[in-house]
Structure formats: structure tokens, C-alpha cells
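A.B. asks: Single-letter residue listing:
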Amino acid sequence: MPTPIITLDHVTRTFSVKRQTITAVDDVNLSIREGEIICLVGESGCGKTTTGKMIAGVLPASAGRILYLGADISKLTGTERKKFRLGVQMIHQDPYASLNPAHTISAIIAAPLRHHGFTQGETQTQQRVRKLLETVDLTPPDDFLDKYPHQLSGGQRQRVSVARALTVAPSFLVADEAVSMVDVSIRISLLNMLSKLKDAMGLSVLFITHDLALAKYFAWEGRIGVMYLGRLVELSPARWLVEHPQHPYTQVLLSAIPEADPEATRHKKRIELRSMDVPSLLRLPTGCSFHPRCPQFLGEVCEQVTPALVESDGAMVACHRVTRPAPRATEL
Amino acid sequence: MQPILSIQNLSIEYRARRGRVRAIRNVSFDVQRGEAVALIGESGSGKTTLGLGIVQLLPGTARVTQGRAIYRRSRDGAPSEIDTLQLKGRALREFRWKECAMVFQSALNALNPVLRISDQFADTAQAHGYLQGRALHARAEELLKLVRLDPDRVWRSFPHELSGGMRQRVLIALSLLLEPQLLILDEPTTALDILTQRNIMDVLKDLRHKLDFSLLFISHDLALAAELTDRVATVYAGKIVELASVETTFKEPAHPYTIGLINAVPTLKGTKEDLSSIPGSPPDLVEMPAGCKFHPRCPLVESRCKEEEPELVEVKPGHQTACWNWRSAREALQTHKVQG
Amino acid sequence: MNALQDTLARTGRETLKTLKLLTRNKMGLFGFVMTILIILLSFGGPLVWPPEASANVEDINLGISAKHWLGTDFQGQDNLRKVINGGKDIVTVAFLTGILATLLGVIVGSVSAFLGGRVDSLLMELVNIWLTIPKFPLLAVTATVVKLNDPVTLSLLMAFLDWPSLSRQIRSQVLSLKQRDYIEAAMMLDLGTRNIIFSELLPNMMSFITISMIGIMTFAIYQQTSLVFLGIVPYSSANWGVMISAAERRGVLFNPQAAWSILVPMGAIVLFQLALISFARSLDEVFNPRLRTTV
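Those protein sequences? They're chains A, B and C, same order as listed. Residues 1 to 332, numbered by my numbering, are exactly what the first sequence covers, in order. Residues 1 to 340, numbered by my numbering, are exactly what the second sequence covers, in order. Residues 1 to 295, numbered by my numbering, are exactly what the third sequence covers, in order.
Hint data in this document are derived by calculation from the structure and do not stem from the laboratory. Glycine included, each C-beta is placed from N, C-alpha and C at the ideal position. Careful: at least some of the hints might be erroneous.
Claimed, not checked - Residues of chain A placed beyond 12 Å of chain B at every Cβ, according to the derived structure:
| id | residue |
| --- | --- |
| 1 | G42 |
| 2 | E80 |
| 3 | P140 |
| 4 | S185 |
| 5 | A264 |
| 6 | E300 |
Claimed, not checked - Covered stretches of chain A, as calculated for chain C (at least 3 residues, CB under 8 Å):
| id | region |
| --- | --- |
| 7 | 112-125 |
| 8 | 307-316 |
So that you can see chain A by itself, here it is in the shape it has in the complex:
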């Protein structure tokens, strides 16, 4: 088996807030193959963005190792470090904050090209900038070169962000809620562009989103990981996860999503939680952190033992219910 492009090996990230420690990401293991698409899904505070930032190398892990092509990224130096640094790029959520308002589009895209000497001379740089704009479907490029970010729509700005990331020919993209602030009608075209790039350049993509339907669509051939309070609770091929969710949390999430079909959404079976209160990250529940809300709560074992992520029916699931099947079958 080839070396995965990114491996998370028992990665944990804590933050100290007012002398207290919160665990944003807790003992996550994950391998991402070259050319693979993985979506991380979860609610706010589940640690999906922190995981993305650690992989992108802008936030160090507190414990555990992150490997880029087999090498620990915290120990890289010289050309190896540079290879990783340029090899992994990120697309931010907010298209209004991710481009420097003081620069024109052409300056934004040309800066990395010039700095790293990827192009020689102004003519070549300009040619490359145009080419990149065409790659992200901003055509004709001349319409965009001298514009400032605030003159573009959210969708166009996200395309510029992608073009900027592509200047350094990365092999891995972290896209953090990259379409959530873009108009509904053009989200799909952005995702299609990313898919196209992935196929053309052999990119791997970690796509972070709160929208399971979007994740299923984007990670069609890839996998979806569901996070809850810092832990990966289910990891499975995208369509399989949506059609056969095994973790109670995944099941609850799927049942909660409204659908754009009046008939279906009104008669959809909703799974009730045991409690609506989201536990504070400062005082995580013992054992399985979902147990206070879990509709399939088993009792003592859930309160005391943290379930490991184990293989079950074509997926990886961290739930005692799954490893220790109860007489009552899971519903949905």
C-alpha cells in the first residue's frame, strides 16, 4: 500500500482558556490517500476546523503525530519542510476575509509566483496568473486582473482563493466550509470545479462542512468522517454513511436535516435526543462523550468506557452499541 499523503496518529489538540484546558481534538486517527476526498462533518465545536488547521500546519498538535508522506511535520526542516509547507494549502470559509483587501486579484495571485521564483520575469508571471484564473473558471481573466476583492462576489472570491492556493502546486487541499458563505445557486459549480481540479491534478482534499448532504455529494467516491466533541465517531464511505449510519449521533444528525421536499420533510422520522444540552468542552462527559444525549444509551459501559473506533459493517464506528449489539436493532 502506498504511503498515505496525510496520517493523523493519535492526534490531540488542547487549548488553555482562562487557566482551564479544553480539548478541541481528542485522539484522532486518520489516513488520507493520495487523490482521495474526505469530508469531515460535525457541529460547531466538534473540532473539525482545528483538525483541518493542524493538517494545514498552521496549528501544532498538542499530542500525537501528523505525518506528511510518512514524515512527522513537526520535525521537518529545510527543503523537506518547504515541500510540506507548499504541498498542503487551505481554502478558508469566509471569502470576505481570505483575500487581502489592499491588493488586486493579479497581485494576490502573482505574489507567491514571484516569491518562490516559479515564474521568470513579469511577462511570464502575468501569463501564469491568467492561466490560473482560467483554471478556476474566472474567464476572461482580463476582467478580473485589476479588480479588488471587494468588487467580486463571494463565489468569485472563493475561486481566487483556489487559484492562489494552486500557485504553489499543492498536493493536498484543506477546504474549511469553503462554500457555506457562497450563494446557494452557485455552490455546486464551486464544488464541481474543485472535483475537476482534483481529478486533473491528483489533489487530495479534506473538505470540512456541517452539511451532510453536501458532504455526500462532494465525497461521492470518498469517505465522510463524523466528529463529535473532538472525537471521530464514525468514518465510512460517503454514500454508505448516509444510507447506513451506524453511530447514534450520525443517525440523529441525518434524521434532523430538513429536506427540500414538503412531503418527505414533514413525514421524516426524527430521532429524539435524551437531552438538548450540548456539554461544555470544559467538562466533557466521561466515557463516551455522547452518552448524556444518546438515544441508544446502554448504561454503565457508556458512562465509563470511551469507545474505540472499530470496524463494523463496512465502516469505522466508535460506539458500544455497535461492538456489543443489543437485542433491539437500530432504527431508521
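Got chain A sorted already, so can you dock chains B and C onto it with the hints?
C.D. replies: Below, chains B and C alone, put in the same frame as chain A:
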């Protein structure tokens, strides 16, 4: 029975540095008593402006250039009509809470951070000469229970001690304090997580069932509109381009924009082939294209679309659309996933 | 060679664009032209109209006339000529103090924000203490020890006293800008610290920095004229402060006829400050693309 709210030929503009932003252009529609109407559209379509206009909360740069918003009062004796756009001072304040309450997008910041929830209720009640003391407490308790909050826990809390979803529910409870007949909700769940959103949606459905108010629901999220409302008005470039019952809107949409919007939203059940984006981006409201404002993005565009703007026409009773090609649109752009 | 030509062409284009931008806002254009005019008159004027060497007993305290456009003072010297000759010190001190204090403030503020931790706490503690010192009295006391009649020494001292509040503001600006996604993107693109500071951070702070600098400049003008007016700094040259002070001492306040000799230097100060402040507005357009281009 007459509709509770009739928007008649309403136009609203903003003055901006580069010219007039025509946010709402000659819009008319009714909200029946007890009915929930959704205004769906993308950002910049003008749907929020419309909501703000009805309760006169538009920013200073905005101006109502024409039209009326007739609200039909039913309590306190004989029914009477008022144009909400003409209300001033005391009459306006009374209208805003007693007849029509609103919960807006930025609602998470709408509670005063230094007041306990109990004081927020007391302030609102006092400002309108409503119940006081124990009676108020009883009424508030009832409302908080209706929005599935634990009154004992919430009543003495400060807003920062509550989660986003709880604050949103407090606001909904507060907005219902003076028993308004019409509720305007503008993206009430936008910043919230899936499970919190589910909770608010369930609360809203429940409230409609129990309290029987009329609802104007403003959102970009088609699925929420599908779940909560009876009729859907699709707004594009400041105009209603389609108006139909919720079933019709999702099963037999006639306007290419509505069809495009439905096709652009991924669903859990759908397949990859069902999805497609609408090309281009929403129009610039200052320099709008001639003719139908959707024509630059429309797959069915013809020469007529570029010259003449279509008005709403009847497709069948209760279903109107503003498109020259409505007869062929649905077949030409057939959607796979809403076949039933 | 090619690269040089490229750079030159680009610089040329940029300069032209900047000049065009400076003229977009009417108020700003006024400020820009006025500032240039005041600088030119203050430095070039004395060469054409050198100061009068002696008093003119017949022309004491005259009002405006064709001969004396702005009247004369208690020595019968022409107010216009005096005001032209008295600008150099003020303009020098204003610009020097502004530039030095801004530099200090920007450097301390950004270093503090960038390094964080101990250095940050230490520097900010120092700044806090500095801010509590009453500056003008300190300046007045210092003036009795150090000879302040040289504009450069005076500027150095004032700059040294004036930077702390700016450094605090710069620090918070940098701290907030550092969090922006585009800075993170630049770090991921490995654009280098120098590049990130000079081409990602600074351009977004430039309008704030120039406006602060102009604030410091106007403050410096007040401080300098006040020092002279209070007699703490000797009358070494004929600057606007000296003119006001001299006029006041000669009892202008009780002699309506002599009003021009105090109104003229005051007017000059007001005009200079007004020019600077309006100029700041134009500069804002240059640095903030949002203001000049519409969606």
C-alpha cells in the same frame, strides 16, 4: 375572509454611492390569516428588505417609493385596515409588538446583555402597558414552556449564560408575549447547528399549531421553507418570480430560477446527476439587465426575455409565475428528484 | 535589464495612479495642494522675500493695505513676509516629530504584537507607565535643561514623548490583522515574514498610520508654539509661535488695530493643520481601495 397582510405594488430603494439600489420592485402578495408564507431567495434578492419594510425598520438610506402594506386588524372590536408603511410614533410601536412581531437574522445579539431574561420580559411588557408582576411571570412561563425551555433555569439567567439555540427560543417566546397575529422570521436558524435548528423548527411547527398566528418566513434555505410553510414566494432581483403552494413549488415549479434553485441544493437522497448550479451570479441591483432580470443566467433565454420583463401570470389557480416560457420550462429543465 | 524596465514602468504607473487618486476628493485635493504650497513657501519663500532687518517706525501696527497685504506688526514689519519666514521651523518640527514618533510607535507596537508573551507584556507595561507621564510639563521642565532652540533636538524630544499611545493602537491593529485569514494564507504560501509584514499587513494599516501621523503632527505644532508662547523656548528665529507670543506681549489683545499681527500667525497654524487633515482624507483614498472603487 380577507388576508391579514396585503402587500400592494411595493417598491423599496436604497441610495448608494453609485446610484439607486432597487431592492424591491413592485411586489404584491397576500398572507392569509393563519397561513405561513415563505420568501425564498439568495442573498441580495431583497427578501430581507421586504421584511424590514413591513415593520418600518429599514435603514436611513432606504426609501419606500411606492405601494402599500395593508394589515387587517381583527381584535378590539370592528376589523380595521391600516397601512403599516404610514404608521408613526405610538401607533407604530403598538403595531410592532401587539400585531406583528419579528425575529431577525442577527437575533443572537438582540437581547440586552446586561439584563436577565426576566427583565427583558418585564421591559417589553411595561413598554406596552401589558401584564405586570405575577401575571406576567405566569404568561412568560407558559411561553418559555411552549418554546421547550425550562422556565426555572432560564428566567433568572443572563443572555450569555444561554446557548445560541436557547437565546433564539427566548426571543421567539418574547416576540409572542403580546400575542401578535403576524410573526416575521428572517433566517431564524441560519447561524445555528443542525440539531439546534431541528429543535427550533420543531418549536415553530408546534407554536403554529397551538397559537394560530400568521407567519412570514424569510430564508435562503429551501428545505426549511418546505417543512414549515404553506406557500412559497420565490424572490429574484427584488421581484417575486414565482408564487405557489409549497407542494407546487417543489413538485411542479414553473420558473427556471425556482427549478434551478431546487436543482442546486444537494439532498440526502439525491444522486450526483440531479445537481446542477445556476450559471453566472445574481444581478447587480444598480445596473440590472433589461427585460427579465434572470435572462443572463437562464438556459431558456430567448430574444423576448432580453427586452420585456414578464409579469406574474397564472399557471393554474393559486400558482403564478413571471416567465415567458413557463409552459415549457419544467419539461425543458426537468428535475429528477422531485418527481414524487 | 528587462526586470528593471518592468519595475520602472510599474513604479511610474503606480505614481501616476496615486497622483490621480489624490485629486479625486475635493477636500483632499485642497489639503494636498495647500500642504505642498505651505512647504514650498516656508522653504523657498525666505530666498525670495528674506526677513526685514530693521524696524519701520512709520508703519507700526497697520491694517491690511495694498502695500502690506496682511498688515504690519509692532515693529512695522510686514506680517506676510514674517509669516513666510516663520514657517520653516514649524513645518520641520511637525514633519520630523510626526515621522519619528510614528516610526517608534509602529516599530514598538508591531514588535510587541508579533513577539507576544513576555516581550509584549514588558513593552506594554512600559508604554502604560509612559502614558501616565504628563508630557507637556515634562517637556517644559526638560526645556530648562536642554537647549531646545534647534528644531531637530526639539523634534527628537517631542517624538520621544509622543509615540506611546500610537504604539498601543498599532499593537491592537496588528493583533487583529494577524488573525485574518489572508495572513494565514500568506503563511501557508510561505511568503516570508518580511513580505507578510510589508505587503500583507502594512498596506492595510497605512491609512490608520498616516492619519495618526497627521494627528501627531498637529499636536507637535501646538506643543511647539505653546512652548514659545510660554517663553520656555527662547526666541531664536521668527517662527509662528514667536510671532504670536511677541504680539501678545506687545499688548495686541488691548489694541484692535494690531489684531492682524496675531491673527496672521494663528491663521497660518490653522491653515497648516487644516491642510494636513484634509490631506489625510485623500491619503485614505490612496490606501483604501474600497473607498475609490465601487462594487
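A.B. asks: Compare the structure with each hint and give your call.
C.D. replies: Going down the list of hints, with the structure as the test:
The non-interface label for G42(A) is inconsistent with chain B: the shortest C-beta to C-beta separation is roughly 9 Å, within 12 Å. With a minimum CB-CB distance of about 38 Å to chain B, E80(A) clears the 12 Å threshold, and the non-interface call stands. Interface exclusion of P140(A) from chain B stands, the closest Cβ pair being 14 Å apart, more than 12 Å. Distance check on S185(A): its Cβ comes as close as 4 Å (rounded) to a Cβ of chain B, failing to clear the 12 Å threshold; non-interface status is violated.
Taking the minimum C-beta to C-beta distance to chain B, about 8 Å, the non-interface status of A264(A) is violated against the 12 Å cut. At roughly 25 Å, the least C-beta separation between E300(A) and chain B is larger than 12 Å, which holds for a residue marked as non-interface. Counting residues of the region 112-125 of chain A whose beta carbon lies closer than 8 Å to any beta carbon of chain C gives 5, which meets the minimum of three for the stated coverage. Evaluation of the coverage hint for the region 307-316 of chain A: breached, as 0 residues show C-beta separations to chain C shorter than 8 Å, against a requirement of three.
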